[in-house]
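Undergrad: Listed below, chain by chain, are the residues.
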Amino acid sequence: MTDYGSMVFVFVLATFIGLGVIRRVSRLLYTPLMSLTNAISAIAVVGSIVVAGADYPTTIRVIGAVALFASMTNIVSGFLITDRMLKMFKKQ
Amino acid sequence: MIHAIAQAAAVLATALFIFSLHWMNDPKTARHGVVAGVTGMVIAVGATWIQPEIVHHGWIGLAIVAGFIVGVPLSLVPLTAVPQRTALSHAFGGLAAGLVGSAEYVLGLTENPAQLTTFRTSAIVAEVILGFLTFTGSLMAAGKLQEVKWIPQRPVTYPGQNVVNIGVLALAVALGVLVVLHPAAPWSGQAFYAIVGLAVLFGVLLIIPIGGADMPTVISILNSYAGLSAVAMGFVLNNKLLVTAGALDGSSGLILSIIMCRAMNRSFTNVLFGAFGTVQKTVAIGEQKAWKQETVEGAAQLLEQANLVVVIPGYGMAVAQAQHKVRELYDQLTKRGITVKFAIHPVAGRMPGHMNVLLAEANIPYTALVEMDEINPDMPQCDVALVIGANDVVNPAARYAKGSPIYGMPIIDADKAKTVLAIKRSKNPGFAGIDNELYVQDNTWMLFGDAKAVIGDLVKQLAGGSGLH
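Chains A and B, in that order, are what the protein sequence lines are.
Residue numbers 5 to 96, in the numbering used here, belong to the letters of the first sequence in order.
Residue numbers 961 to 1429, in the numbering used here, belong to the letters of the second sequence in order.
Be a bit skeptical, because a hint or two may be false.
Derived coverage of chain B by chain A (criterion: at least 3 residues anywhere in the stretch with Cβ under 8 Å from a Cβ of chain A; other residues may be distant) [unchecked claim]:
| hint | stretch |
| --- | --- |
| 1 | 982-994 |
| 2 | 1053-1061 |
| 3 | 1064-1075 |
These stretches of chain B come out as covered by chain A in the derived footprint (C-beta under 8 Å, 3 or more residues) [stated by the list, open to error]:
| hint | stretch |
| --- | --- |
| 4 | 999-1013 |
| 5 | 1026-1032 |
| 6 | 1041-1049 |
| 7 | 1180-1189 |
| 8 | 1199-1205 |
| 9 | 1318-1329 |
Below, simulated DSS-like cross-link-like pairs (lysine-lysine); rule was C-alpha separation at most 25 Å, straight line [to be verified]:
| hint | chain 1 | residue 1 | chain 2 | residue 2 |
| --- | --- | --- | --- | --- |
| 10 | B | K1295 | B | K1412 |
| 11 | A | K94 | B | K1301 |
| 12 | B | K1412 | B | K1252 |
| 13 | B | K1301 | B | K988 |
| 14 | B | K1252 | B | K1420 |
| 15 | A | K91 | B | K1301 |
| 16 | B | K988 | A | K95 |
| 17 | B | K1295 | A | K95 |
| 18 | B | K1252 | B | K1387 |
| 19 | B | K1252 | B | K1376 |
| 20 | B | K1295 | B | K1420 |
| 21 | A | K94 | B | K988 |
| 22 | B | K1420 | B | K1301 |
| 23 | B | K1301 | B | K1376 |
| 24 | B | K1362 | B | K1376 |
| 25 | B | K988 | A | K91 |
| 26 | B | K1295 | A | K94 |
| 27 | B | K1252 | B | K1378 |
| 28 | B | K1412 | B | K1301 |
| 29 | A | K95 | B | K1301 |
| 30 | B | K1387 | B | K1376 |
| 31 | B | K1378 | B | K1295 |
| 32 | A | K94 | B | K1412 |
| 33 | B | K1387 | B | K1412 |
By construction, these hints were calculated from the structure, which means they are not laboratory data.
Note that beta-carbon positions come from the ideal geometry of N, C-alpha and C, so glycine has one too.
Take these sequences, add in the hints, and give me the full structure.
TA: The following block contains the structure:
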């Protein structure tokens, strides 16, 4: 059975780590930061993979596949555009 | 064994994601962040895909390919369009969460009602409400930013708007509570679909009253919601990696929202329920003073004689696509030994950090980009403050005009510079509809016209002056 306590625990700790790390992010890079965190949170793709690929009724799997497509789009475009923007930041 | 691989992969991916964000603290290391992020993602996806319960591989492959087909062009949009791409990706994130939540609920309802425990059903309801409101809200925001015809650009307000909005959300939450209490009653399915419908509706209603100047804040808030919906999905699927990644995204959105709100001296609720564009023209400047117009030749001369020039760009620079001409101007001035700095207001542009990206694209070194708080003490030493398409962020009324919508908003002290040159497209007031007394100050000279054309003329004048004479 799911251990809800430890899930909430992980959430709280991860939020604090997030606040700590994000606070130090260079102000120059807020736009790429947003596209990067976007791509990272598209890790939701792992949930969609299970819904789309497990032995479920077809309707469920169709929904899963659409969700998978949406997350995958975010992963691909998120990482690519982040890198594209970061390449432009030059010192001289 | 294979389950242990999945767990190890999740730990590894979590660490990589945290490093990825950590490296964003400096433009020098930032690109490592992308490598770490991609590596973490590939590990996590691979470890999930090889799990024994995954039996239908074709659909997964197909969806991944489709993601590439849509994702690659989306990553190549012009940088002026990055805010709408970002809003669109929040929409996709919300959609994915909403859909997975719905699928999990329907699965529980039809196959195994025992799975719909109180905790899990609560998480599903939260995931679906957050997911679908982020979906439609972000689509609306993207539409407004892209200036899609049938989405009104100006804030749309009507009497009782906040009552309606809060009512819709409250109804969704109330139905959610009912579904949590009776997850498998005969009517629960219908109630669940009603929640989805209300969340979809709420997302639209939430964004309708919001105007362009509030977009940096709204995008940040939607970013936070998208992250939280991923966290809720993690609770539903009992997946710690998802909870962690969602929490990182959510806290990033939260911090950015706070920074944006502070930069406008407004609260979250004020942004979401305040309808910026409607409170306007309450304050007029005591007496209407006249503009003083400057010629390109005169402006070029002023710039040439300066030691320190501070450029203050606003969204108008991006609209006019003037950033490359600005770079040429930067070259002309630095060639003469003049120090040129760019003063960046946190809410300049349409999303956090937007101006920095646009200027970096034009090859302006990031060392010349200076935050508002750092540049303001230097403004009295500044010989020429060149305002390009910025308005409210340099309006001195923010300091004292109580009742003005921008009252209390921190501004860049352009008015303290020895001379101000302001490039403005028209003689109309700015977005918030407020007169800007900076333009009628004794030491301010106006250059009317399209920013790109005006700066192009300045560059020609400066190049001609040094070359031919």
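Undergrad: Confirm or reject each hint.
TA: Taking the hints in turn, this is what the structure says about them:
1. 982-994: Satisfied; 10 residues make the cut.
2. 1053-1061: Since three or more residues must qualify, the claim that chain A covers the stretch 1053-1061 of chain B holds, with 6 doing so at under 8 Å.
3. 1064-1075: holds (count 4)
4. 999-1013: As far as the stretch 999-1013 of chain B goes, the hint holds, because 8 residues have Cβ atoms under 8 Å from chain A.
5. 1026-1032: holds (count 6)
6. 1041-1049: holds (count 4)
7. 1180-1189: Holds: 4 residues of the stretch 1180-1189 of chain B have a Cβ under 8 Å from chain A.
8. 1199-1205: The restraint on the stretch 1199-1205 of chain B holds, since 7 of its residues have a Cβ under 8 Å from chain A and three suffice.
9. 1318-1329: This one holds; 7 residues, not fewer than the three required, reach chain A with a Cβ under 8 Å.
10. K1295/B x K1412/B: holds, 21 Å
11. K94/A x K1301/B: holds, 15 Å
12. K1412/B x K1252/B: holds, 21 Å
13. K1301/B x K988/B: Measuring from Cα to Cα gives roughly 20 Å; hence the hint holds.
14. K1252/B x K1420/B: Given that 25 Å is the threshold and the Cα spacing comes to 23 Å, the pair holds.
15. K91/A x K1301/B: Given that 25 Å is the threshold and the Cα spacing comes to 21 Å, the pair holds.
16. K988/B x K95/A: holds, 9 Å
17. K1295/B x K95/A: Holds, at roughly 17 Å.
18. K1252/B x K1387/B: Roughly 12 Å separates the two Cα atoms, so the pair holds.
19. K1252/B x K1376/B: holds, 18 Å
20. K1295/B x K1420/B: Satisfied, since the Cα-Cα distance of roughly 14 Å is no more than 25 Å.
21. K94/A x K988/B: holds, 8 Å
22. K1420/B x K1301/B: holds, 21 Å
23. K1301/B x K1376/B: Holds: K1301/B and K1376/B sit about 15 Å apart, inside 25 Å.
24. K1362/B x K1376/B: holds, 21 Å
25. K988/B x K91/A: Roughly 10 Å between the alpha carbons, so the hint for K988/B and K91/A holds.
26. K1295/B x K94/A: Answer holds: K1295/B to K94/A is near 19 Å, not above 25 Å.
27. K1252/B x K1378/B: holds, 16 Å
28. K1412/B x K1301/B: holds, 19 Å
29. K95/A x K1301/B: Measuring from Cα to Cα gives roughly 14 Å; hence the hint holds.
30. K1387/B x K1376/B: It holds: about 22 Å lies between the C-alpha atoms, which stays within 25 Å.
31. K1378/B x K1295/B: Status holds; Cα separation ~22 Å.
32. K94/A x K1412/B: holds, 23 Å
33. K1387/B x K1412/B: Holds, because 17 Å separates the two Cα atoms, which is no more than 25 Å.
When each numbered hint is compared with the structure, no violation occurs for any of them.
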